[in-house]
Amino acid sequence: MTPDTDSDTTTTAEAAPQTLASWPARAGAFAIDVLVGSAVLATLALVAWTAPLRGWLWWVFTVAAALVVLVMAVNRLVLPAIRGFSLGRALFGVEVVRRSGGRAGVWRLLARDLAHLLDTAALSVGWLWPLWDRRRRTFADLLLGTEARESRSGPRDVRRFTAGVLIAAALLCVLAVTLSYVVVYRHDRAIENARAQIIEQGPRIVEQMLSYQRESLQQDFSHAQSLTTDEYRKQLIEQQQAVQDAGVTSNEYWAVSSAVVPNPPVTPTSASMLLAMQGQRGNDPNNLKFITATVRVDFEKTGGQWRVADLTVLKKPLMNQGGQ
Numbered sequence: 216m217t218p219d220t221d222s223d224t225t226t227t228a229e230a231a232p233q234t235l236a237s238w239p240a241r242a243g244a245f246a247i248d249v250l251v252g253s254a255v256l257a258t259l260a261l262v263a264w265t266a267p268l269r270g271w272l273w274w275v276f277t278v279a280a281a282l283v284v285l286v287m288a289v290n291r292l293v294l295p296a297i298r299g300f301s302l303g304r305a306l307f308g309v310e311v312v313r314r315s316g317g318r319a320g321v322w323r324l325l326a327r328d329l330a331h332l333l334d335t336a337a338l339s340v341g342w343l344w345p346l347w348d349r350r351r352r353t354f355a356d357l358l359l360g361t362e363a364r365e366s367r368s369g370p371r372d373v374r375r376f377t378a379g380v381l382i383a384a385a386l387l388c389v390l391a392v393t394l395s396y397v398v399v400y401r402h403d404r405a406i407e408n409a410r411a412q413i414i415e416q417g418p419r420i421v422e423q424m425l426s427y428q429r430e431s432l433q434q435d436f437s438h439a440q441s442l443t444t445d446e447y448r449k450q451l452i453e454q455q456q457a458v459q460d461a462g463v464t465s466n467e468y469w470a471v472s473s474a475v476v477p478n479p480p481v482t483p484t485s486a487s488m489l490l491a492m493q494g495q496r497g498n499d500p501n502n503l504k505f506i507t508a509t510v511r512v513d514f515e516k517t518g519g520q521w522r523v524a525d526l527t528v529l530k531k532p533l534m535n536q537g538g539q
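Using my numbering, you'd call the opening residue of the sequence shown number 216 and step up by one each time.
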């Protein structure tokens, strides 16, 4: 009786066990599937943390991070369950199967990835366990009954596509960092510069706006008007007219203390200050009245110059008689 050679060959081929995947191949597949995406997520999380909470930029980074997580999940869980491979596993010729050889489903793959936390928690010993385990299994493989084997099927050449994915990931990180720098860092720097400018210039502007001498009244009034915004200038002119109608008395102020108000917050073009003012009033140097007042001043930057947008007297001027 002649043996059925073809049948025996087929049976032997089907029974031949798959070669277990090497540890370097598994590490390379993991790096492509997980570490690349994790690097992108870390970058997006960092720049989102620097952006104003729930601002438009924060939402851009948050949505981008959610899309990255979705892509990673599809590649890591869905594609292996449907096609038998992920991008990294296809590149390194690795597939994750059940111990029986059947394809692992989405939920088993998800549970396996979660179980990898045990591999990490045990001082990463679980990741090195395949180096001496007979079936080259991690702790996650032992728990879920899976093995990483050399792939018998799948894309033959995914190197070009993988290179494109790596370039896209790098460009996304660069774009996120650049956008964060342009929008957040430069904005913060502009606010710091605005704060420094108003701390230095604000008191001097208020001093010049409130001070005038009877001998140079019109010149001093014109200069004071140039220190205000168009909206506030009308109110200042009315106040100056009232001073003239009441009889001009020289008035000189200087700021003895000042502080930037946190609410509303400083912006590159607006700021508010509290100022404690002291001064003297009178036309006779031998008979001057010393005055004190507390004011809140809102500033706006227009045409590259800080100007008074509003001035509110919080503590009305108190006058004490001076003299020899």
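Since the hints were derived computationally from the structure, they do not count as laboratory data. Just so you know, not all the hints are guaranteed correct.
Quick list of simulated restraints, FRET-style, between CB atoms [as the list claims (entries may be wrong)]: (1) F376 <-> Q412: 23 to 31 Å; (2) E407 <-> P500: 37 to 45 Å; (3) Y400 <-> V286: 41 to 49 Å; (4) A405 <-> T335: 41 to 49 Å; (5) A254 <-> V321: 36 to 44 Å; (6) V278 <-> Q412: 29 to 37 Å; (7) Q454 <-> E407: 29 to 37 Å; (8) A405 <-> L533: 37 to 45 Å; (9) T335 <-> V286: 21 to 29 Å; (10) S441 <-> W274: 36 to 44 Å; (11) I406 <-> A491: 23 to 31 Å; (12) A296 <-> R401: 43 to 51 Å.
Each computed BS3-like pair below joins lysine-lysine, with the alpha-carbon atoms no more than 27 Å apart [said to hold, decoys possible]: (13) K530 <-> K516; (14) K449 <-> K516; (15) K504 <-> K531; (16) K531 <-> K449; (17) K449 <-> K530; (18) K504 <-> K530.
Bear in mind the structure is a predicted one, so any value in this text is a computation, not a measurement. C-beta: ideal position from N, C-alpha, C; glycine also.
Checked hints:
{"no.": "1", "hint": "F376 <-> Q412: 23 to 31 Å", "result": "violated (52 Å)"}
{"no.": "2", "hint": "E407 <-> P500: 37 to 45 Å", "result": "holds (43 Å)"}
{"no.": "3", "hint": "Y400 <-> V286: 41 to 49 Å", "result": "violated (28 Å)"}
{"no.": "4", "hint": "A405 <-> T335: 41 to 49 Å", "result": "holds (42 Å)"}
{"no.": "5", "hint": "A254 <-> V321: 36 to 44 Å", "result": "violated (25 Å)"}
{"no.": "6", "hint": "V278 <-> Q412: 29 to 37 Å", "result": "holds (36 Å)"}
{"no.": "7", "hint": "Q454 <-> E407: 29 to 37 Å", "result": "holds (34 Å)"}
{"no.": "8", "hint": "A405 <-> L533: 37 to 45 Å", "result": "holds (39 Å)"}
{"no.": "9", "hint": "T335 <-> V286: 21 to 29 Å", "result": "holds (22 Å)"}
{"no.": "10", "hint": "S441 <-> W274: 36 to 44 Å", "result": "holds (42 Å)"}
{"no.": "11", "hint": "I406 <-> A491: 23 to 31 Å", "result": "holds (25 Å)"}
{"no.": "12", "hint": "A296 <-> R401: 43 to 51 Å", "result": "holds (46 Å)"}
{"no.": "13", "hint": "K530 <-> K516", "result": "holds (26 Å)"}
{"no.": "14", "hint": "K449 <-> K516", "result": "holds (18 Å)"}
{"no.": "15", "hint": "K504 <-> K531", "result": "holds (15 Å)"}
{"no.": "16", "hint": "K531 <-> K449", "result": "holds (21 Å)"}
{"no.": "17", "hint": "K449 <-> K530", "result": "holds (23 Å)"}
{"no.": "18", "hint": "K504 <-> K530", "result": "holds (17 Å)"}
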